[in-house]
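Based on the sequences and whatever the hints tell you, model everything.
With the UniProt record's numbering, letter number 286 in the sequence shown gets 286, and the count goes up by one each step, no holes.
Quick list of simulated restraints, FRET-style, between CB atoms:
| # | residue 1 | residue 2 | range |
| --- | --- | --- | --- |
| 1 | Ala574 | Gln495 | 25 to 31 angstroms |
| 2 | Ala704 | Tyr237 | 55 to 61 angstroms |
| 3 | Lys812 | Glu757 | 23 to 29 angstroms |
Here are the simulated SDA-like cross-link-like pairs (lysine to any residue), alpha carbons at most 25 angstroms apart as the crow flies:
| # | residue 1 | residue 2 |
| --- | --- | --- |
| 4 | Lys446 | Leu424 |
| 5 | Lys797 | Glu787 |
| 6 | Lys653 | Arg631 |
| 7 | Lys520 | Ile545 |
| 8 | Lys797 | Ala747 |
Simulated from the structure, these hints should not be mistaken for lab results. Please read all numbers here as calculations on a predicted model, not as lab measurements. Yeah, the Cβ is synthetic: ideal placement off N, Cα and C, and Gly gets one too.
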Amino acid sequence: MRRLRAVALGAALALSLGFGLPGLTLKMPAASAAGVQAGSGGASGTTEGVVEEEASVVDREAVLSAEDREDVERAVREMPYPVVLELWARAPAVPDRETLEPPPDGLALRYIAADRRLEVRIGASLRARGMSEATADRVIDRYFAPTLASDGPAPALITVLRALADAVSEAASAEAPPAAGEAFDRASAGPPAPGTPAAPAEGGQGAGGRAIRWSEAVPVLLLGLLLASAGYGAFQYRRLRRREQDLRQALAAARRSLEGAVSALLPASDGDRAAEHGRRTLERLLRAAIPEAEAALQEGGRALGTFRLLRAEEEFAFVEAVLKELASLLDRTPPAAGPANGTAEAEPDGGPEAYAPIRKAEAPEAGEADGTADLPEGTGPSGSGPTPGPERPPALGGDRPGPATETAAADVPSVAKDAEAAVLALEAAWQAYRKRSGVEMPQMEKRLKGLLAAARSGPLAPEAEAELRALRADLEAAEGLMAEIETRLPEAIRQREARLRALQDTGKVAAQAELERALKGLKARWNRLWPLWADGDFAAVRATIAEIEAELQDVDRRLQAEGEARRGMDARYAEERAAEAAYRAAVEALTHRLAALARKFVLDDAALTEALARFEDARNAYAAAFAELERLVRDGHFALAEGQADALIARRKTAERTLAEAMEIVQTLENLEAAARDQVQDDRARLVYARQEAERAMLPELAAAFRSDFERAEALLQAVLLRLEHRPLSVTKLREALARAHAEATAAADALLGRLEDARRAEAIIARLNRFRLHDPDIGRYLMQAENCFRDRAFDKARAYAEAAWAIAEKKQAALR
Numbered sequence: 001m002r003r004l005r006a007v008a009l010g011a012a013l014a015l016s017l018g019f020g021l022p023g024l025t026l027k028m029p030a031a032s033a034a035g036v037q038a039g040s041g042g043a044s045g046t047t048e049g050v051v052e053e054e055a056s057v058v059d060r061e062a063v064l065s066a067e068d069r070e071d072v073e074r075a076v077r078e079m080p081y082p083v084v085l086e087l088w089a090r091a092p093a094v095p096d097r098e099t100l101e102p103p104p105d106g107l108a109l110r111y112i113a114a115d116r117r118l119e120v121r122i123g124a125s126l127r128a129r130g131m132s133e134a135t136a137d138r139v140i141d142r143y144f145a146p147t148l149a150s151d152g153p154a155p156a157l158i159t160v161l162r163a164l165a166d167a168v169s170e171a172a173s174a175e176a177p178p179a180a181g182e183a184f185d186r187a188s189a190g191p192p193a194p195g196t197p198a199a200p201a202e203g204g205q206g207a208g209g210r211a212i213r214w215s216e217a218v219p220v221l222l223l224g225l226l227l228a229s230a231g232y233g234a235f236q237y238r239r240l241r242r243r244e245q246d247l248r249q250a251l252a253a254a255r256r257s258l259e260g261a262v263s264a265l266l267p268a269s270d271g272d273r274a275a276e277h278g279r280r281t282l283e284r285l286l287r288a289a290i291p292e293a294e295a296a297l298q299e300g301g302r303a304l305g306t307f308r309l310l311r312a313e314e315e316f317a318f319v320e321a322v323l324k325e326l327a328s329l330l331d332r333t334p335p336a337a338g339p340a341n342g343t344a345e346a347e348p349d350g351g352p353e354a355y356a357p358i359r360k361a362e363a364p365e366a367g368e369a370d371g372t373a374d375l376p377e378g379t380g381p382s383g384s385g386p387t388p389g390p391e392r393p394p395a396l397g398g399d400r401p402g403p404a405t406e407t408a409a410a411d412v413p414s415v416a417k418d419a420e421a422a423v424l425a426l427e428a429a430w431q432a433y434r435k436r437s438g439v440e441m442p443q444m445e446k447r448l449k450g451l452l453a454a455a456r457s458g459p460l461a462p463e464a465e466a467e468l469r470a471l472r473a474d475l476e477a478a479e480g481l482m483a484e485i486e487t488r489l490p491e492a493i494r495q496r497e498a499r500l501r502a503l504q505d506t507g508k509v510a511a512q513a514e515l516e517r518a519l520k521g522l523k524a525r526w527n528r529l530w531p532l533w534a535d536g537d538f539a540a541v542r543a544t545i546a547e548i549e550a551e552l553q554d555v556d557r558r559l560q561a562e563g564e565a566r567r568g569m570d571a572r573y574a575e576e577r578a579a580e581a582a583y584r585a586a587v588e589a590l591t592h593r594l595a596a597l598a599r600k601f602v603l604d605d606a607a608l609t610e611a612l613a614r615f616e617d618a619r620n621a622y623a624a625a626f627a628e629l630e631r632l633v634r635d636g637h638f639a640l641a642e643g644q645a646d647a648l649i650a651r652r653k654t655a656e657r658t659l660a661e662a663m664e665i666v667q668t669l670e671n672l673e674a675a676a677r678d679q680v681q682d683d684r685a686r687l688v689y690a691r692q693e694a695e696r697a698m699l700p701e702l703a704a705a706f707r708s709d710f711e712r713a714e715a716l717l718q719a720v721l722l723r724l725e726h727r728p729l730s731v732t733k734l735r736e737a738l739a740r741a742h743a744e745a746t747a748a749a750d751a752l753l754g755r756l757e758d759a760r761r762a763e764a765i766i767a768r769l770n771r772f773r774l775h776d777p778d779i780g781r782y783l784m785q786a787e788n789c790f791r792d793r794a795f796d797k798a799r800a801y802a803e804a805a806w807a808i809a810e811k812k813q814a815a816l817r
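This is the structure in structure tokens:
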């Protein structure tokens with residue numbers, strides 16, 4: 001829209017400058033319009049209208065194929081002036097350049113296929129703009145013959161047409177434009193047609209003021225458009241300069257931000273894989289993205305210096321895209337981890353809840369059946385809700401009985417001395433324990449009452465004495481089992497739960513459901529211990545504790561196996577992630593190099609296409625295998641992940657091999673242009689060497705015999721150099737042209753050097769055997785033939801005869817020996 005506004009402003013300025021003056025009007029006489037419509041040529045005395053001539057291609061003898069003719073016609077239609085192109089298989093009857101009739105404001109071309117010659121005639125308007133036939137002939141000599149030798153007539157004609165258009169533009173800009181006025185209009189238009197009123201004299205006024213002719217209006221319009229374009233160009237130049245300065249400052253700020261982020265993540269990346277990955281990513285950006293953006297900014301500055309505004313706009317847009325990506329990455333990069341004030345301790349493995357205490361059991365009625373009730377923490381559920389059986393006493397301080405119980409039991413006298421005193425002492429110990437713990441044990445109290453009644457009735461029977469000893473042992477066992485149930489078992493279960501949560505914090509656990517069910521079963525068994533303990537069934541309590549211990553060992557074994565598998569897989573997974581990151585960096589490098597090649601070449605190379613196809617297949621297979629490994633590790637299936645890691649290594653090696661093949665081909669293509677220029681230089685040097693050898697041998701006629709081959713080779717080499725100037729280059733066509741030129745140059749040089757070698761060999765043999773000429777008629781006859789062929793410049797035959805004479809001489813010399 002800004003460009004359209006600028007063009008409209010220029011047009012308005014031109015109209016105001018050219019036609020807004022007082023007394024001036026713009027008119028187109030009706031006679032001129034009628035003359036144009038009738039096609040009779042009855043124009044007025046001055047040029048009121050412009051009749052466009054149509055460009056044409058005349059190919060009566062089918063010199064070009066239909067496809068090539070269509071390409072040439074398209075190129076002719078795209079010319080900024082009319083062009084008439086005649087195509088002849090052989091020269092016409094009157095092959096004179098003067099027979100060509102160019103359009104007044106264009107040119108005419110004639111191509112003769114048999115002579116491989118192109119002729120040109122320039123119209124009067126182009127001559128007035130500074131274009132001459134000598135300049136056109138120089139353009140044809142420079143571009144036509146090399147392109148014709150390498151690509152054929154159609155590309156050669158298209159190349160010459162574009163070169164002539166450039167030459168016309170250069171000639172028009174180098175030479176001042178011709179004066180525009182009535183005198184020039186009258187001179188160019190010729191005398192007025194009969195019946196047409198003459199134009200008013202210089203300075204005269206018509207009925208509606210002086211009529212402004214189109215020949216005067218067009219230069220003014222063009223001048224206004226030129227001024228508007230210049231103003232718009234200056235505005236864009238200043239805008240792009242300011243944009244370049246802003247981007248340079250933003251790029252420097254981005255570099256500082258990246259360096260600061262890398263420095264901040266450097267201490268935090270020790271042991272932190274996420275921070276390490278972020279730091280490496282930022283370092284890679286510092287090494288790759290920032291220099292590439294700086295190079296693009298410099299290229300945009302150079303393009304702006306040469307007033308290539310569109311190229312500068314593209315480079316600056318690329319830099320802005322890089323800066324946006326950097327800003328987005330910096331926003332997503334997490335801050336460096338660590339204590340805020342340097343004194344905070346790190347959290348334990350497994351998170352802040354890894355060592356959280358087990359909550360008190362408030363209502364075991366719902367969870368006791370399925371083992372979902374939580375464990376208590378140091379106290380029984382006294383006063384905390386309904387429980388089956390008696391309340392749970394607190395721990396009595398370990399496996400041994402408490403000090404008060406030991407003191408009371410020591411005061412118990414021998415049963416043989418006083419049974420009643422022994423029972424009373426045990427009852428006192430029991431009452432002390434019950435008072436301290438607040439737990440009622442009906443079964444033990446009933447047994448104590450029975451013993452006390454038996455002791456008061458007389459001496460204790462042996463069964464009663466055994467019951468007394470068993471009751472004392474049960475009282476001590478009750479305190480020991482209380483410590484087991486209340487302290488050790490809950491702590492053991494809490495430790496296993498903490499280890500499971502620690503594993504869950506580092507990743508998903510495959511056997512998580514089974515381990516959780518096992519821990520819930522342990523809690524259910526632990527809940528069933530209290531009724532058994534309260535009923536005094538200490539044998540069942542010990543059996544249940546043994547079962548719990550066995551299940552705890554099983555959970556330990558499974559957790560240990562899970563941890564070992566996770567640690568082993570973590571090491572392999574870290575190696576595979578590092579390898580995948582390196583491979584991804586190499587793929588990014590290949591992508592950038594391919595993008596750079598695409599700006600220079602048309603990537604139609606078959607080997608590159610096949611290598612890239614194999615690389616894409618291997619890359620997709622490797623990405624799928626790596627994604628599957630990530631899923632297995634994330635889900636905690638480490639046994640399956642081990643097998644997937646082995647398969648991933650094979651896929652990675654295949655992907656790296658195909659990547660190396662593609663890199664090698666890309667490296668070859670990157671050096672293709674320089675290699676082509678070196679090859680052309682070497683071939684030219686070999687041709688020069690062959691000519692110099694012919695001159696040293698004083699055989700100029702031999703070099704003249706190969707002149708056409710040398711000229712054809714030189715033309716092909718020049719065509720290769722011209723092709724290198726075009727962008728983008730076709731890799732296939734460039735290689736074909738280079739191979740053809742190299743073959744022609746090598747064949748021409750080898751042929752000339754071979755003839756020179758024949759001449760030298762024949763001359764040397766003739767000189768050595770000349771003194772045997774009179775002594776041996778056979779040698780003399782062959783030498784005479786060799787001399788005659790040498791004189792006729794048939795050096796190959798001369799060498800054959802001379803070598804035959806040399807063979808005869810060797811045989812006779814051997815016979816003499």
